[in-house]
Amino acid sequence: MSRADVDQEDVDQALCKGLMMTNTPAISLKNVHLTLGEGAGRVHILKGIDLDIEKGMSVGLVGPSGSGKSTLLMVMAGLERADEGTVIVAGSELGPLSEDQLARFRGRKVGIIFQSFHLVPNMTALENVAVPLELAGDTAAFEKAKAELDAVGLGHRLHHYPAQMSGGEQQRVAVARALVVEPDILIADEPTGNLDDSTGTQIVDLMFSAQRERKTTLVLVTHDPALAEQCDRMIRVRSGEIEEETSSGRASQEEVTA
Amino acid sequence: MSGFVPSGSAAGNQTFALASRFALRELRGGLKGFYIFIACIALGVAAIAGVTSVSRALTEGIANEGQAILGGDLSFSLIHRQAGADETAYLDSLGAVSRVATMRAMSRRADTGEQALVELKAVDNAYPLYGTLDLQSGQSLEDALAQQDGIWGAVADLALLARLEVEVGDTLALGRSTVRITDVIATEPDKLASGMEFGPRLMISDAAIGDTDLVQPGSLVRWHYRVRMSPAPALGDIETVIAQVKSEQPDADWRIRSRANASPGLQRSIGRFAQFLTLVGLTALVVGGVGVANAIRAYLETKREVIASFKCLGATGDFVFRIYLIQMLVIALIGIVIGLAIGALIPFAAAAALANVLPVQLAANIYPAELGLGLVYGLLTALAFALWPLGRAHDVPPTALFRDIVTGGTKLPRKRYLVATAIMVVLLAGIAVLLSHDKFIATVYISASAGAFVLLVLVARVIMFLARRLPSVRSTELRLAIANIHRPGALTPSVVLSLGLGLSLLVALALIDGNLRRELTATMADKAPSFFFVDIQSHERDAFNDLLVAEAPSSEIRSVPMLRGRIVSLNDIPSDEFVPAQEGSDWVLRGDRGITYETALPENSKLTEGSWWPEDYSGVPLVSFDAEAGTELGLKIGDKVTVNVLGREISAEIANFRDIEWQSLSINFVMVFSPNTFAGAPHAHLMTLGWEEDVPTQTELDLLKTVSNTFPTVTSVRVKDAIAQVNDLVAQLAWAIRGASSITLIASVLVLAGALAAGHRNRIYDAVILKTIGATRPRLILAYGMEYAILGLTTAVFALVAGGIAAWFVITRIMEGSFVLMPVTAAGAALVALVLTVGFGLIGTWRILGEKPAPVLRNL
Numbered sequence: 001m002s003r004a005d006v007d008q009e010d011v012d013q014a015l016c017k018g019l020m021m022t023n024t025p026a027i028s029l030k031n032v033h034l035t036l037g038e039g040a041g042r043v044h045i046l047k048g049i050d051l052d053i054e055k056g057m058s059v060g061l062v063g064p065s066g067s068g069k070s071t072l073l074m075v076m077a078g079l080e081r082a083d084e085g086t087v088i089v090a091g092s093e094l095g096p097l098s099e100d101q102l103a104r105f106r107g108r109k110v111g112i113i114f115q116s117f118h119l120v121p122n123m124t125a126l127e128n129v130a131v132p133l134e135l136a137g138d139t140a141a142f143e144k145a146k147a148e149l150d151a152v153g154l155g156h157r158l159h160h161y162p163a164q165m166s167g168g169e170q171q172r173v174a175v176a177r178a179l180v181v182e183p184d185i186l187i188a189d190e191p192t193g194n195l196d197d198s199t200g201t202q203i204v205d206l207m208f209s210a211q212r213e214r215k216t217t218l219v220l221v222t223h224d225p226a227l228a229e230q231c232d233r234m235i236r237v238r239s240g241e242i243e244e245e246t247s248s249g250r251a252s253q254e255e256v257t258a
Numbered sequence: 001m002s003g004f005v006p007s008g009s010a011a012g013n014q015t016f017a018l019a020s021r022f023a024l025r026e027l028r029g030g031l032k033g034f035y036i037f038i039a040c041i042a043l044g045v046a047a048i049a050g051v052t053s054v055s056r057a058l059t060e061g062i063a064n065e066g067q068a069i070l071g072g073d074l075s076f077s078l079i080h081r082q083a084g085a086d087e088t089a090y091l092d093s094l095g096a097v098s099r100v101a102t103m104r105a106m107s108r109r110a111d112t113g114e115q116a117l118v119e120l121k122a123v124d125n126a127y128p129l130y131g132t133l134d135l136q137s138g139q140s141l142e143d144a145l146a147q148q149d150g151i152w153g154a155v156a157d158l159a160l161l162a163r164l165e166v167e168v169g170d171t172l173a174l175g176r177s178t179v180r181i182t183d184v185i186a187t188e189p190d191k192l193a194s195g196m197e198f199g200p201r202l203m204i205s206d207a208a209i210g211d212t213d214l215v216q217p218g219s220l221v222r223w224h225y226r227v228r229m230s231p232a233p234a235l236g237d238i239e240t241v242i243a244q245v246k247s248e249q250p251d252a253d254w255r256i257r258s259r260a261n262a263s264p265g266l267q268r269s270i271g272r273f274a275q276f277l278t279l280v281g282l283t284a285l286v287v288g289g290v291g292v293a294n295a296i297r298a299y300l301e302t303k304r305e306v307i308a309s310f311k312c313l314g315a316t317g318d319f320v321f322r323i324y325l326i327q328m329l330v331i332a333l334i335g336i337v338i339g340l341a342i343g344a345l346i347p348f349a350a351a352a353a354l355a356n357v358l359p360v361q362l363a364a365n366i367y368p369a370e371l372g373l374g375l376v377y378g379l380l381t382a383l384a385f386a387l388w389p390l391g392r393a394h395d396v397p398p399t400a401l402f403r404d405i406v407t408g409g410t411k412l413p414r415k416r417y418l419v420a421t422a423i424m425v426v427l428l429a430g431i432a433v434l435l436s437h438d439k440f441i442a443t444v445y446i447s448a449s450a451g452a453f454v455l456l457v458l459v460a461r462v463i464m465f466l467a468r469r470l471p472s473v474r475s476t477e478l479r480l481a482i483a484n485i486h487r488p489g490a491l492t493p494s495v496v497l498s499l500g501l502g503l504s505l506l507v508a509l510a511l512i513d514g515n516l517r518r519e520l521t522a523t524m525a526d527k528a529p530s531f532f533f534v535d536i537q538s539h540e541r542d543a544f545n546d547l548l549v550a551e552a553p554s555s556e557i558r559s560v561p562m563l564r565g566r567i568v569s570l571n572d573i574p575s576d577e578f579v580p581a582q583e584g585s586d587w588v589l590r591g592d593r594g595i596t597y598e599t600a601l602p603e604n605s606k607l608t609e610g611s612w613w614p615e616d617y618s619g620v621p622l623v624s625f626d627a628e629a630g631t632e633l634g635l636k637i638g639d640k641v642t643v644n645v646l647g648r649e650i651s652a653e654i655a656n657f658r659d660i661e662w663q664s665l666s667i668n669f670v671m672v673f674s675p676n677t678f679a680g681a682p683h684a685h686l687m688t689l690g691w692e693e694d695v696p697t698q699t700e701l702d703l704l705k706t707v708s709n710t711f712p713t714v715t716s717v718r719v720k721d722a723i724a725q726v727n728d729l730v731a732q733l734a735w736a737i738r739g740a741s742s743i744t745l746i747a748s749v750l751v752l753a754g755a756l757a758a759g760h761r762n763r764i765y766d767a768v769i770l771k772t773i774g775a776t777r778p779r780l781i782l783a784y785g786m787e788y789a790i791l792g793l794t795t796a797v798f799a800l801v802a803g804g805i806a807a808w809f810v811i812t813r814i815m816e817g818s819f820v821l822m823p824v825t826a827a828g829a830a831l832v833a834l835v836l837t838v839g840f841g842l843i844g845t846w847r848i849l850g851e852k853p854a855p856v857l858r859n860l
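The listed protein sequences derive, respectively, from chains A and B.
Taken in order, the first sequence gives residues 1 to 258; the numbers are from this note's numbering.
Taken in order, the second sequence gives residues 1 to 860; the numbers are from this note's numbering.
Don't read these hints as lab results, they were simulated from the structure.
The C-beta atom is built at its ideal place from N, Cα and C for all residues, glycine as well.
Some hints here could point you the wrong way.
Which residues of chain A face chain B? A few of them, derived with a C-beta cut under 7 Å, are [as the list claims (entries may be wrong)]:
hint	residue
1	Met74
2	Leu79
3	Asp83
4	Leu97
5	Ala103
Bound conformation, chain B alone:
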């Protein structure tokens, strides 16, 4: 009698395929209302895909040019000493060898006495084994460095010529010899391997360095032996080769690097920085997520009748949910694809834009793994923010067709949708933490963002609650503004959430940046000495000291013996196999460290455990270890530390731990040994000079000139120059970070625009009714302006507090510096919030004010 369908075929009839069909039919209406959604997702995905792709292109670029950057397939570095005959013979057996010496030194103009700190590099005829060194004139390096009329040739960075105001053909004093600048370096293939540079490059020949007298026992010179193997080992085989070398030369104290990690420090920094920027990109995505949720809520609001119709016609709640989930996924995918397309193009754009800035060619390419990460983050964010509002569609009652029921907007969706949302959030956070270098910082960052998110939801609720409870005010405009803040569908939650997150991040970053720079420039420069003098030979130490006393009588001068060495083992566990107890101090085990000996506890240090050795101590060698590094490495009193200094392995027992105030930049060492440890070892001295009071720059420069002229082999580092160098680096990083975080702010603005658009219909209705009963446009503008200003100000206050706390945490707890609140930075952020909310709010409302009442009233 009826069209009743038998159970067998009916059981699973409301399938995914059917839901997809329905979803696609509904999407025929176009993407109107979803542009903000798409833009939010596209922006975040583009940021993440772009940052990770560029970072990958950079590391690939370094890897591609690994041989040129390293200067060989393998590089063996020694400090203080050259390779012995056996070692040289062994290296020669591996392949073609090129020997390069690097050190810091002073170069001076003989006529004016002007001097500059240079990164000196002495190269042999085999240099460079890989890549080419280009000189501006096009002549060969060998010709340029050759000796002519008894003067060695030298080539330099253009920066040195500018600094000393010299030209090609001029001579410079270097150590106890003179060199002639014969050319300017256009490209230096192995520049990236050098690490942090304090001055421009000056390159001379291997034969010339002997004449300079700069290489003395204990002077800070590094000898690098680069080997070109034939055939060159494949990238994957390099580890095997290194292992073989280590087993064949177990006692060598050289540091081995391969083209696989030609610039490990740089690669690490790029990785860390990229991951931080990825987190910032994720924040942008999360801010945009608010826009996603808003768009879906608004869309479903317009679809109530359709949903109710479906239900009247036999659709289940699940089926309805599926229809809209599929639509959401389609729209999210559009955003993701746009984002990925932009993200994929970014490495190519960066390669073109940065071609002349970067010392390495970006390997611009499409990197599927990095794009995949963008896809995963985009999809998870869309789901995390969409499932909640979509879940509400499940419970739209079919009776909505018969009567207008005021929607229970605050009703929670069913438990399964809440659980699904929670799963997406956990996945998102989990992936972000798992993929980061520093899981602690990533966890802190994500917890802080999540905390801020929850807090902002509460703040929005509190604002709405207070607005509702506020006693009636007399001003009509203010009353309207307050009513707009708390009425159902108010802008409050969207504005507070999206803008609040973006601004908090911005305030935090601005304060961190500001504090770091203050620490660098103000605090550090105050406490730090003005000069470091390196490579003072023992026999000239007293004369040098006398000169300083004579030239700068009011200054404070300190002197310590200075050697460099590498930790070979801790408690007989080789340092590359040693597992630190905590993260953070593994740098102590990498590369060479400054080493000294002292009879008494150094200034700026405080014993935390153990006791200092007596003045005339002569027992087993003892060492005082930096307390923090000791804790993080898991060391205790009595542990055995073995260092290799000048090719000799020396073991000492940890006698005590001491706290070091690193920021003061005064002489400090992770390891201070008892004086008897290095008795008889040749070594140089390090001296510092500082003034209690501020001295004019000229006084510093005059002293520098005198010292360099009298002691040409001593290297002087002016702290202000070094700090300026670091400051420049910090500033560049800060700009990159600010650029990335401004994406978060753009996302905020998108969300804001979306929320305003969603509330448009309500506002037109309000404006028309108010105009009908006599409100003028200025009064309406005043009312809307007040509403936006209240929201913007509250959000700014929250952002200041939350961003301030975040910055304080980072500065004091993670970076262990001192924190100062910076009112100008803070006020700047507040201003941004106000301009954005009031500005965009009023722009959005402007059209509403021009609305003629009659057409709207007719359609009511």
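So here's chain A without its partners, still in its complex pose:
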């Protein structure tokens, strides 16, 4: 019990510090290295990444398979721990946080959208969306979840199970689940990879409008050049290094320079 309290205090302190540093970037990576696997299978995946992403930005990570873009995304979400370097997300340095502290941090600060949805099969749409709020101890979890599902146009599917919904509907539930905690950072791993074009477009519109309305920072990994084009910034990753950065046409200059 005491251990959980201490964890919580640490996180809260770290987060408060983050709130005070208003001008700091939403995500800041300095010299990040990561090696995965063991023995002969060891692969140096991230090789000294330096990257700052400002608040409210949308960033597309692109690159060939195996380039390390998904791993980079996981490092930003606190899902993977860097071997070397510092990772500061939403004002918190992730390095010193324990696994449980990281989990709580994710629950409150990061919304994640997966390529294959990853809804909990034995929970209804409403319950799936309520999970992160319940985990964070929010007493109004179900009201907020319902509102979020209404917002993604699924108000009529609240009590359906994932298996009773189409792929597009499932991904909309996943988006609602990612947004319901009002995260500082929204992370998406090929969010349209398992969807047909028109459904994919709907999801993309949903994500971008939410990002703009809530001034959330959005980082997404995609193979789709058109989707990457829609982001404020496009970062190309190759062999674990940032190869080039492009400010896309949609980049809003005043936000970048602010």
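Once you've looked at the hints, dock chain B against the given chain A.
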């Protein structure tokens, strides 16, 4: 700017209640995948709850009928002698008294000379004080036993009529008199109090026994004085009454029993047997535990993504563990409730099924304490086997959602889960030992099971290691079989563990049973004499000896004086207050023992300490004590032993200890006194007769006939009959034990079926790929068959070795017999293993072989 929740309310938010909510949501998916889990737990719990409930129902039944079984509220038993006038007066002051005499005697048909050993009981008019004795014709006992035309009436068990081929109305010679069978006993209320019986009951009246001449000084007759008190003392007050009697009659050598322990020997045996069966039930539960662990592992494997999702959404490892722990507990409780329901019904079923077999009415009821024991064992077993795999859920990485990581299946869970598992195992073992009568045997049993468990885990590892290291073989089928044995998620650990434990137990029990019976029938009968002749009066001893010599010239005849007496005190400490140094020989202090005197060290005995007295010894009385009993009681040379024989207390000094070969069944006594101890005391003699060579049964029966006709008051016990009696008892117990241990085997089969089902998806994939590239069904069957055969054989070999060692230990160390390995029994067990693994394996795989490749390939 964000939905950040302040720390105060957030601190303990991932609570047990929330975890329960999540767990219940997940369980909405149904219990698919958990049926084996539930069945394993239900089976073990039902076995334990059932066995303990039946045992309780039996002891309660005996207690309920305590007055009828004992024949009174209190019973005072004397051997060799009747109560004196003072004693009788005292007993009469306690309440209504009924006097019953019991002894063994020969009954003969006058016309054919056929005879049979009977358990003779002479009763007075007050008998029975409690309960009713029913005769087949419905007439009263008093009428049936009355004298008519100068011949006393007698009633008998139907078995006696069958044995001697006589009918109601026929006469039988009994001692030096004749009795007429007037009726057949339908029910005898106090039958259970008699203990081990060597023959059918023959009941006559108190007045008739005098005419038989069977009661002589020193003859082995027991006089029981049953007292019905008015009002009958409450069960709880009986001890006070007994204490009062003891203080008022401190010198009486009678043995007092109360309705609270009407049949102490039987109650003890039921208790011991039930506890042994409980241990067997626990083994079934432990075997089933492997199924629990398998089910949880398989379930969590399918839940990896969900767990990773929870973690991505902010769940801690602890919280995830709690979600699945709660689900496991819910499922375990379902199994436990089913098991308890079955266990609770078993006493009722047993009462109905055994109504005509048991001499006592089972008090069928729902016994919460016994069911509670089943619940505790079930819960602890489920936890002991579930915590380990559940602990791994704690560390499922959230990144599992992004990339397929080959699971580190052998990684240990965190220390806290290992410690929790260890605590459950210790609790389980501790409770089992604490609740058992014989803590030594329970400890040995549990240590052996735990040892076998660990060994089997190692054996499985070694098999997988060897399979991995095996050089490549040319046969594709064998190669596939070997690959299946060592690949991740192989059947090997489950099969070796579950089947190995069940089979080891089965082999051990079969070998113990076989050896016990061999010892009883072969070894014992070889060494043992053919006849015991009891109650030979001193004046007829020489004539009796002459008759035996004349009738069986080639036989070996031995004769010893024989008295019976009770140890009153050791070193002046009353025997009921004496605390033995070790367990095992307290029986010596209970009840009466055969006592003899000898001038020289008896045959079959060996002095271990001290020296034998000179032939003409005339000093203070000396006694030679059985070495083992002496050690266990904590006696030494020079200690004082006081016995009560024929109502007289006699003290003697321990002069030596000697080793006795009990199994030989020749004349042997715990205590052999110096001849001067009993000088002048009236006593009878015991003789044995044996042949070196095998003699035809007819020779034995002819001798028996001659002896019984010439010496009608001498009781002859034919050893072969007695052994057959004991053998029947052992056989019945062995069946009960085998029945109980087959539950373990059923648990093994359940686990096996579960493991096969879990590996189903992998096998379909394999089979389809192999079929796609041209493998035929016979080749696949061959490959799978070889895999199962290798596993089954290895397990059988282990079971033979482990079961053999266990049986050897029990026979040589605990029962102190000699051990012989029985190849047929062993081969039988191996066959069971093979049939089970190959049979169930192939049945499980059959469906896989019919799988069409296309649909599977499309979904890959």
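So, going through the hints one by one against the coordinates:
no. : hint   : result
1   : Met74  : holds, 6 Å
2   : Leu79  : holds, 5 Å
3   : Asp83  : violated, 15 Å
4   : Leu97  : violated, 12 Å
5   : Ala103 : holds, 5 Å
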